[in-house]
Structures are given as structure tokens and as C-alpha cells.
Amino acid sequence: MSKPATLLELSCVGKQFGGLSALKDVSLHIKRGEIYGLIGPNGAGKTTLFNIITGLYQLSSGEFNFNGDSYQTTKSHLLAQAGIARTFQNIRLFSHLTALENVMIGRHAKTHAGVFGALLRNKTTRSEELDSTNRARDLLRYVGISKPSQTLAKNLSYGEQRRLEIARALATEPLLLALDEPAAGMNATETESLKALLQNIRATGITVMLIEHDVKLIMGLCDRVAVLDYGKKIAEGVPDEVRQNPAVIAAYLGAEDE
Amino acid sequence: MDIFLQQIINGLVQGSVYALVALGYTMVYGILGLINFAHGEVVMAGAMLALSALTALISWGVAPLLALPVSLILAMAGCMLLGFGIERIAYRPLRHAPRLAPLITAIGVSIVLQNLAMMIWGRDYHAFPQLIKNQPHYVGGAIINDIQIIIVIMAVVIMAGLMIVVHRTSLGRAMRAVAENQHAAQLMGVDVNRVISITFMLGSALAAVAGLMVSANYGLAHYYMGFLLGLKAFTAAVLGGIGNLRGAMLGGLLLGLIESLGAGYIGPLTNGFMGSQYQDVFAFFVLIAVLVFRPSGLLGERLAERA
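Residue numbers (my numbering), protein chains in the order written: chain U, 40 to 297; chain E, 198 to 504.
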């Protein structure tokens, strides 16, 4: 399979909820290996866009290409298997599963044991499980969770839960990691180490897309940034350009947008 | 004869069956929030299929000790197919409908299955062939026979197996993840529909085992046998805390014991005014009491955590 330099491409994507257009004619492309930021005032359509590329919403119009394949109707688990993984703005871990199990769920699609494998526990299944466990432990260490892997997810600290979500997403071996406000609620130190982690992840070849309100983090981390306002893309470019774009300044400083 | 010990034994045997059936209710509820009222009919189908298979095998001259496990496996396979079909046809199209819709459909499926069974097997009670010499054993003044011993042992083994599947395997992990958050599980690449189908099939396989147990124990099978049994097993699941596997097992055993002790002692206690024919009433007293005083059941988690 040939690998296009553009990993994700959206052309003229629109999304309607009844009479409300949450997204209008948004086009953007994300290159393989970059860190791409998506910013905009609250209600600008950022999360809607995320929900579309992860299959939670179907697009009303436009085109959606990922890794050379076009998607019209999308199923979340198929997109996940195609290589898109995400985290949520409000943490959605499996709180009654252990940290380790949460990450192992991410590897679910990579394992092949069926019902009978699970029931009979043959050699392939056991080695697959062992392999899965080891990979999951590595990932927990990689994102910096030091608590025992058998801790229930709900008993982890807030910062650790955010990291666990990233570990779980990484376990799906994604091509594109989509993070919805990963730094929300973090203090300066935690944000710094998150930044280091994301740079690390990019260095392993994974493309990162993030929504973030922490402008300092976005500017310091992203290769390119797109700005959404009222469902439209109003600017795109390297952080310095975007920062000086008058439309962006208007959107952020203009009156009733909060 | 020691009545107390005898009632305990009867209660444990009956409770094992309830527990197996209750697991089917609770697994489906845990994962879909749906009460599958057709589950009792799956138990009935299991009993009827096993009976037909046994009769056929015996008439072909297969040895009883071989015919029994073979017909059990056939009944399990048949019920798994049935469970798969019920979910696919009756529940999946309503996955996102208001909760009342699938509940009513469930009752509809239950009636359809009863009538189908009546058309296939007729209205009569079928005698279950006596295949193994049902040797009675005397334990401290009470009697327990071979079939009852087999029922309890099989139930324990199956429940232990189910716990291992749910808590130690990737399938079980996926089931728990889907139960907690379908969207998130889907985003992690879990095929939610497949997990739900498998859950129905596992529950139905347990139902088939329970069906065979009941009909072997009482020596009878009937197209209507699933109705009351299903309601009681549902009560057991509610008693233990619906959605909770350990709760279903505990609830099943407790309900069996309550029923059997109640039936054994209600005569003497009411001076012969009420007899053991009131046995069935106890289950529903329990259901009402649990719903009034502890709706989340004995081991139930707060439902808010699931929503």
C-alpha cells in the first residue's frame, strides 16, 4: 500500500444538527508526522470535528479521507482499526477496570482470539494475552503512571487518568492520535511533562492532532494550527502566523464568545 | 427424616438452576440495560431440544451415558443460535429506541417462542427418559440423589468457568468495557455488536444447561415451563443486584433456599392452613420486598454509576 504524505484530509465537511450547522465547509489536511493544533472559542465546532473523524457522528456533507481511503459512513471500531485513536475532553475511562485492563482494551482489536480461544485458553491465546499484558505495562510506564497496574482506573489521580487515556489510545497502535483538551485542568508542571510526552510520541512516528485551550502549549508544540469559529475555519498556518491573523484576534477578543 | 436438611438440599439444587438462569438475565442487563424477558423461553427451548435429541439418540441405540452429553451440547448449540437470533432480530434494531420499546418486544418474543414450542412439541407434558440409575444417598437423615449431585457440581463448575472468562480473558475484558461505556469501547476498536452477540450466546448456553437440569430433575418438560422459571430467575437476579454476576449466583442460591424452606415450614407454621403449594408465592414476596427495601439488590452497585 502506498502511503500518501497527507494522512487525514477533510474537504468541505459540513455537519448539521437539525437546523443548526455545527460545521460549514471545513477543509483541512494533516500531514504524516506533524503535530496539528485545533483551536477556537467554545462552541466553535472543534469537538464536533473530532466526533466526525472518530465515527461518533456521520458527516452531513463533504469528504473524509484517511490514509488513502475515503469514508462516507463511518463506524467507530473500523476507524479505530484503520488507525485513529482519541481521548476525550471529559475523561471516559472504564473506571471499574484496572489501569492495565484499560490499556489492554486498546489492544483488543490487535488480538485475534475468538470465543473458543477465550474459553479453551489454548497456547496462541495465552501467548497473545501475555504479549498484550507486557505491551500494556510498557505503555503505562511510557506515559508515566507509577501506581500499580492493578489499580482501578477510578482510583487514579486526575493527571494520571488523563495519561491513562493516552496510553489506552496508544495501545490501538494508531497512525493518528487525536487528543481533546489533554491539558485541561493540569497545572504548569503537569502541562510541561504532557508536552514532553507528546513530543516523544510524535518522535515515534505517530501523527498528533489536538484541541487545546492552553494557547501557550499549542504555540510551543504544534507545527501547524487551524482556528475554527462558528463552525468555519477562519485561519490555518504555523503558530506565529495564526497568532497575528486579524480574524483570529477578532474571534478571540470579540465580544460575546465565551 | 430431617426436614431442615432436606429442604436445604432441595433449595441448593433448585437454587443452582435459578443461578444459571439468573446469570443470563444479569449478563444481558449489565451490557445493554435490557431485561430479556424471553430468557425463560430459551431455558424451555433448551429442555425441549435436549429432550428431542435424547429421544432420537436413544431410539438409534446410542448408549445413554453418551446420549446425555451429546444432547446437552446440541441443546446448547441450538440455544446459542436462538439467543443470537433473538438479539439480532428483536433487540438490535431497537438498540437506540426508548427503553420501553425493547421491554415490550421482549415480552412479544417470549409469547412467540412459547407458541412456536407449542406448535412443535404440542401441549402435553413430556416425560423425561430415566437414563441413569438415579441412586438416592442418605446424608444425615436427608436424601440426595445422583441427578441432584450432578446438577450442583455442574452449576458450580460452569459458574467458576464464567467468572474466569469474564475476569481473566480478553473477551471478558471487552464485555466489561462495553458494559461500562459502549462508545469508548467502540473507539478502542472493540466490535460492540459482536461482544453483545456473544453475551447473548453465552447466556443462552447457560439457559440450555439449566433447562436440561430442570427437566432431568423433575422428569418433565413442557412448552410453558420457561415462564415461571424465567420470572423466578429474574427475581433471583434482582435479589442479588441485577447486572452483577456474583449477585446472580448468590441471589439464585438464596431464592432456592428461601423457597424450599418456606415451602417446608409454611404448613407447620400456619397449622396446616397453608401448604407447600404456596411455594411459588415466596419468590414474588422476595421480589416485592427487594424492590421496596433494597432496589439495587444485595450486591448491586448504584445504578447511577452505570448510566
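Hints were generated in silico from the structure; no laboratory data involved. Mixed in with the good hints there might be a few duds.
[Stated by the list, open to error] Ranges of calculated distance between the beta carbons of each label pair, as one might list FRET restraints: (1) ILE286/E - PHE56/U: 40 to 48 Å; (2) GLY183/U - ARG391/E: 48 to 56 Å; (3) LYS186/U - GLY230/E: 57 to 65 Å; (4) ILE286/E - GLN97/U: 44 to 52 Å.
[What the hints assert, rightly or not] Only part of the chain E face toward chain U is listed, based on derived beta-carbon distances under 10 Å: (5) ALA324; (6) PRO326; (7) HIS334; (8) GLY338; (9) ARG365; (10) ARG370; (11) LEU384; (12) MET385; (13) ASP388.
Yeah, the Cβ is synthetic: ideal placement off N, Cα and C, and Gly gets one too.
Here is how each hint holds up against the structure:
no. : hint                            : verdict
1   : ILE286/E - PHE56/U: 40 to 48 Å  : 31 Å, violated
2   : GLY183/U - ARG391/E: 48 to 56 Å : 33 Å, violated
3   : LYS186/U - GLY230/E: 57 to 65 Å : 31 Å, violated
4   : ILE286/E - GLN97/U: 44 to 52 Å  : 25 Å, violated
5   : ALA324                          : 34 Å, violated
6   : PRO326                          : 30 Å, violated
7   : HIS334                          : 32 Å, violated
8   : GLY338                          : 41 Å, violated
9   : ARG365                          : 9 Å, holds
10  : ARG370                          : 5 Å, holds
11  : LEU384                          : 5 Å, holds
12  : MET385                          : 5 Å, holds
13  : ASP388                          : 5 Å, holds
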